[in-house]
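Colleague: Residue numbers (my numbering), protein chains in the order written: chain R, 381 to 667; chain E, 6 to 328; chain D, 151 to 556.
Treat the hints with care, since some could be wrong.
[As the list claims (entries may be wrong)] When the alpha-carbon atoms are kept at most 30 Å apart in a straight line, the in silico DSBU-like pairs for lysine-lysine are as follows:
hint, chain 1, residue 1, chain 2, residue 2
1, D, K180, E, K171
2, D, K548, D, K489
3, D, K500, D, K285
4, D, K268, E, K171
Think of the hints as simulated: they come from the structure by calculation, not from any bench.
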Amino acid sequence: MQALYAQLLVGLINGSFYALLSLGLAVIFGMLNIINFAHGALYMMGAFCAYFLLNGLGLNYWYALVIAPVAVGIFGMVLERTLLKWLAGLDHLYGLLLTFGIALIIQGVFQNYFGSSGLPYAIPPQLQGGMNLGFMFLPIYRGWVVVFSLVVCLATWYLIERTRLGAYLRAATENPNLVRAFGINVPRMITLTYGLGIGLAALAGVLSAPINQVRPLMGADLIIVVFAVVVIGGMGSIMGSVITGFALGVVEGLTKYFYPEASNTVVFVLMVLVLLVKPTGLTGRAT
Amino acid sequence: MSVITDNSTPASSGRGIRDEMVAFVIMAALLATVPFTGIYPFFVMQALCFALFACAFNLLIGYGGLLSFGHAMFLGTAGYFTAHALKVWGVSPEIGIVVGTAGACALSVVTGWISIRRQGIYFAMITLALSQLVFFVYLQTPFTHGEDGIQGIPQGMLFGLFDLSKPTTLYYVILVAFLLAFLLIFRAINSPFGEVLKAIRENEPRAVSLGYKADQYKLMAFILSGTLSGFAGSLKVFVAQNASLTDVHWTMSGEIVLMALIGGLGTVFGPVVGAFIIVAMQQYLAGFGQWVTVIQGAIFVICVLTFRRGIVGEIAALFKRSL
Amino acid sequence: MNRKLSALMLGTALALAAGTGAFAGDKVVKIGVLNDMSGLYADLAGPGSVIAAQMAVEDSGLTKKGWKIDVISADHQNKPDIGVNIARQWIDVDKVDVLADVPTSSVALAVSNLAQEKNSILLDSGAGTSDLTNKACTPNTIHWTYDTYTLAHGTGTALTKAGGNTWFFLTADYAFGAAIERDTTAAVTAAGGKVVGGVKHPLNTADFSSFLLQAQASKAKVIGLANAGGDTVNAIKQAAEFGITSGGQKLASLLMFVSDVHALGLQTAKGLNLTETFYWDLNDGTRAFSKRFQDRMKNHAMPTMVQAGVYSSLLHYFKALDSLGENPHDGAKMVAKMKTMPTDDPVFGKGSIEPNGRVLHPAYLFEVKSPAESKGPWDYYKLVATIPANEAFTPLDKSTCPLLKK
Numbered sequence: 381m382q383a384l385y386a387q388l389l390v391g392l393i394n395g396s397f398y399a400l401l402s403l404g405l406a407v408i409f410g411m412l413n414i415i416n417f418a419h420g421a422l423y424m425m426g427a428f429c430a431y432f433l434l435n436g437l438g439l440n441y442w443y444a445l446v447i448a449p450v451a452v453g454i455f456g457m458v459l460e461r462t463l464l465k466w467l468a469g470l471d472h473l474y475g476l477l478l479t480f481g482i483a484l485i486i487q488g489v490f491q492n493y494f495g496s497s498g499l500p501y502a503i504p505p506q507l508q509g510g511m512n513l514g515f516m517f518l519p520i521y522r523g524w525v526v527v528f529s530l531v532v533c534l535a536t537w538y539l540i541e542r543t544r545l546g547a548y549l550r551a552a553t554e555n556p557n558l559v560r561a562f563g564i565n566v567p568r569m570i571t572l573t574y575g576l577g578i579g580l581a582a583l584a585g586v587l588s589a590p591i592n593q594v595r596p597l598m599g600a601d602l603i604i605v606v607f608a609v610v611v612i613g614g615m616g617s618i619m620g621s622v623i624t625g626f627a628l629g630v631v632e633g634l635t636k637y638f639y640p641e642a643s644n645t646v647v648f649v650l651m652v653l654v655l656l657v658k659p660t661g662l663t664g665r666a667t
Numbered sequence: 006m007s008v009i010t011d012n013s014t015p016a017s018s019g020r021g022i023r024d025e026m027v028a029f030v031i032m033a034a035l036l037a038t039v040p041f042t043g044i045y046p047f048f049v050m051q052a053l054c055f056a057l058f059a060c061a062f063n064l065l066i067g068y069g070g071l072l073s074f075g076h077a078m079f080l081g082t083a084g085y086f087t088a089h090a091l092k093v094w095g096v097s098p099e100i101g102i103v104v105g106t107a108g109a110c111a112l113s114v115v116t117g118w119i120s121i122r123r124q125g126i127y128f129a130m131i132t133l134a135l136s137q138l139v140f141f142v143y144l145q146t147p148f149t150h151g152e153d154g155i156q157g158i159p160q161g162m163l164f165g166l167f168d169l170s171k172p173t174t175l176y177y178v179i180l181v182a183f184l185l186a187f188l189l190i191f192r193a194i195n196s197p198f199g200e201v202l203k204a205i206r207e208n209e210p211r212a213v214s215l216g217y218k219a220d221q222y223k224l225m226a227f228i229l230s231g232t233l234s235g236f237a238g239s240l241k242v243f244v245a246q247n248a249s250l251t252d253v254h255w256t257m258s259g260e261i262v263l264m265a266l267i268g269g270l271g272t273v274f275g276p277v278v279g280a281f282i283i284v285a286m287q288q289y290l291a292g293f294g295q296w297v298t299v300i301q302g303a304i305f306v307i308c309v310l311t312f313r314r315g316i317v318g319e320i321a322a323l324f325k326r327s328l
Numbered sequence: 151m152n153r154k155l156s157a158l159m160l161g162t163a164l165a166l167a168a169g170t171g172a173f174a175g176d177k178v179v180k181i182g183v184l185n186d187m188s189g190l191y192a193d194l195a196g197p198g199s200v201i202a203a204q205m206a207v208e209d210s211g212l213t214k215k216g217w218k219i220d221v222i223s224a225d226h227q228n229k230p231d232i233g234v235n236i237a238r239q240w241i242d243v244d245k246v247d248v249l250a251d252v253p254t255s256s257v258a259l260a261v262s263n264l265a266q267e268k269n270s271i272l273l274d275s276g277a278g279t280s281d282l283t284n285k286a287c288t289p290n291t292i293h294w295t296y297d298t299y300t301l302a303h304g305t306g307t308a309l310t311k312a313g314g315n316t317w318f319f320l321t322a323d324y325a326f327g328a329a330i331e332r333d334t335t336a337a338v339t340a341a342g343g344k345v346v347g348g349v350k351h352p353l354n355t356a357d358f359s360s361f362l363l364q365a366q367a368s369k370a371k372v373i374g375l376a377n378a379g380g381d382t383v384n385a386i387k388q389a390a391e392f393g394i395t396s397g398g399q400k401l402a403s404l405l406m407f408v409s410d411v412h413a414l415g416l417q418t419a420k421g422l423n424l425t426e427t428f429y430w431d432l433n434d435g436t437r438a439f440s441k442r443f444q445d446r447m448k449n450h451a452m453p454t455m456v457q458a459g460v461y462s463s464l465l466h467y468f469k470a471l472d473s474l475g476e477n478p479h480d481g482a483k484m485v486a487k488m489k490t491m492p493t494d495d496p497v498f499g500k501g502s503i504e505p506n507g508r509v510l511h512p513a514y515l516f517e518v519k520s521p522a523e524s525k526g527p528w529d530y531y532k533l534v535a536t537i538p539a540n541e542a543f544t545p546l547d548k549s550t551c552p553l554l555k556k
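Chain R with its partners taken away, still in its complex shape (with noise of 0.2 Å):
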């Protein structure tokens, strides 16, 4: 029973990741009508750029944690105006060919240029060590890692379900001839939300730096795992993106306990399952 409440809590851990990633593609997804194929190459991005802040401008964690996010979203606003806005009007599955082109391309010059077998980042000093809870023991950076993954999720829920700049952005996705009706830069809008859903995948890598490898290839496994999620929540709702993400990482630590043999696979057996049931997914709306 203690093994149990250890592997929930473990699962909770890595379900914090799928949330953020998640969350990101569907606030993406929301406004630009896109599948970003690149999220996992800009996550990989948000945890080199931490790696590079450390060892080449002596900027630690905490640093990381404001600027890489702000970085990568900057780079990741850049692809948005400089490519993606052409794909206004055309097939969504130009932005899935254009982002997984994009993807290819940043993974590969990563390559090129630090191997594949990564490079180090340590915990910062601050969250080293672990507390002993009695059936188990979490390292403290574990623990910091869920509970700032999940305030920044609630952040974001708020920030686009609770606040006037939320409701444009919602607006914006319905209609949008009619929002710039009220004369608001709908363009401008969208590129912001570009750069916010990139925002969020680079802080989950800034995150993840510590605990994994910081690698060319971290993202690329991940965000075909992180494609499932959505599809199993369905990206209609912000909230049902995060809950997914978290309840998924969970179903997955329950399964590295009880049946190991499986856990890379039930992700998209419930995938499958989730379909046959309900096609839509979990929270989704009929497309």
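Let chain R serve as the given structure and place chains E and D on it in line with the hints.
Modeller: This is chains E and D only, laid out in the frame that chain R set:
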């Protein structure tokens, strides 16, 4: 909703079919002379396998409007099945091909049944996730030998007559198989089945209101595409003499999308051209290492932004012909 | 001597008659280094192996004796298809005599088959699969540096004897992980140790915490990592985080290279046990070679055992060529000749080649130094035990190589 293929295909017009038949004969003649030209035959054989794979993939996206991002699962499944049958059961090549293709067919029935529930990008994501599931299954099941792959596969005598270990014989066998499969795809596109498929792609509600069961047609297209991809995978075993995880990995699914895209989605000959370009690129740029990935990515970006019709599509548009 | 000379003359005459540079019996050699230049294994093989090959050409002294030796290289991207295509083209079109390095088991096995079919030579250094000298052995392949048996037995036996007598495995859930866990278990039990448990994890796991929790709860003295690449690195990193190493449990990585330790950093890797057959700081010979190697590397990396193996294997090949006086362009014949000669070079020391193509030389169990113990860059290992050659590799009577059946 706009459709992904800008290559409108007025295929059933008599002139269109005549153009395509002429192009087909030229292509067949060119390929038949390869062994006499000094071009390295293994390169062309591999390219032919990928060309068939790309044509099968194109059937789904070009005429069904469904972008699969997991087609490597059919290529790899057939490869593993054929390799296992040849090596462990010791069957003859034709039986090996049947086993592999049947395996891919069975997989396409199941995955198709699941994935056609959604369209557009969801369909792409679902096929990608399914192929990742298949990848992990093959990684763990013993018969695939994990990352060692199945190696040293005997080529054998096709129908007891043709010695496939002779490069020239193998070349013509692969070429004939490719041409036959190509004609089959060509036939399917221009059949009533193909017409209905195009109608569904253009306007699904309308096709449904006309009494066509859209899902059945989509599933049929998916199965045909998956089975032919499997056929390509089975043929590839005889060329490469191994079956490995590379062929089930998502990067392979991405490559096949790229081949069809660069050649021209929804064109008849585009995927063939695209396959030759990408295979040649991988072969001759092998020294550049990871830059090949970057170049592939750049081609994706350039294709999507500037010439969505692909090479053959652009040429066809220039001459106002359908190819 | 006379016969050799006449053979040489005949060879030259034939070569002239055929009007081609590559014909039976000349002094033209082409080496093809086929490996991963940019992916997962680029740091441990990659461009460094090409440098090692060029050093072997220079050190052989053959060019001064009138030989013409070319080294070419290509990236097989860890894909068997691409590897075989390049190798086939090299042999058919470019007349390459020797394929060197070839890491990644699937590619190595495929290329080994091809080398036999074309009667070429594969001097494999980078691949780990012990199949190359067991059921998949060929008269055209020599497996130089290490194999999974070495890693399993080196680490398993030596560490158990050093007091680490209870083991728990974290095993990657595919053929490689299972094989190495099985071999290590055999070695641990044979040395009087006990395996108290294990867990299989999927390939490319980002998060090892739930597996590490189970390893921690097992109270085993040694946690064996039967995985590779990014999985090993992540497991080690997260083991430090969960306080496993500071809690007194030892980590033993069953497949790890000095380049991986370099990537991890000593702070994370300290205390880790691993087996290698070469380390730059072993003796004067290895230090001299490594210094020269390092000066040529763009990033000033020290050679890994794989790169050292490329150097050593080619050096031995050149010795055999030198003793024949000409290049017979006959793979099986060359390999047979190489097997009759004892190996001896400053990098791996003295050794021999078994009839199944397995090269025998000692292996070493190392422990990774802590940052305080390290005197500078690349000062990473302290020697724990030396494993004699006859214990480091599969005994000949246990080899399943079909060539051994008389």
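Colleague: Hint by hint, note whether the structure agrees.
Modeller: Each hint tested on the structure:
For the hint pairing D:K180 with E:K171, the CA-to-CA distance comes to about 26 Å; that is within 30 Å, so the pair holds. Taken as a hint, the D:K548 and D:K489 pair is honoured in the structure, with Cα atoms around 19 Å apart against an allowance of 30 Å. For a cut-off of 30 Å, the pair hint linking D:K500 to D:K285 stands: about 27 Å separates their Cα positions. About 13 Å separates the Cα atoms of D:K268 and E:K171, which keeps this hinted pair within 30 Å; it holds.
The earlier numbered hints are all upheld by this structure, with none contradicted.
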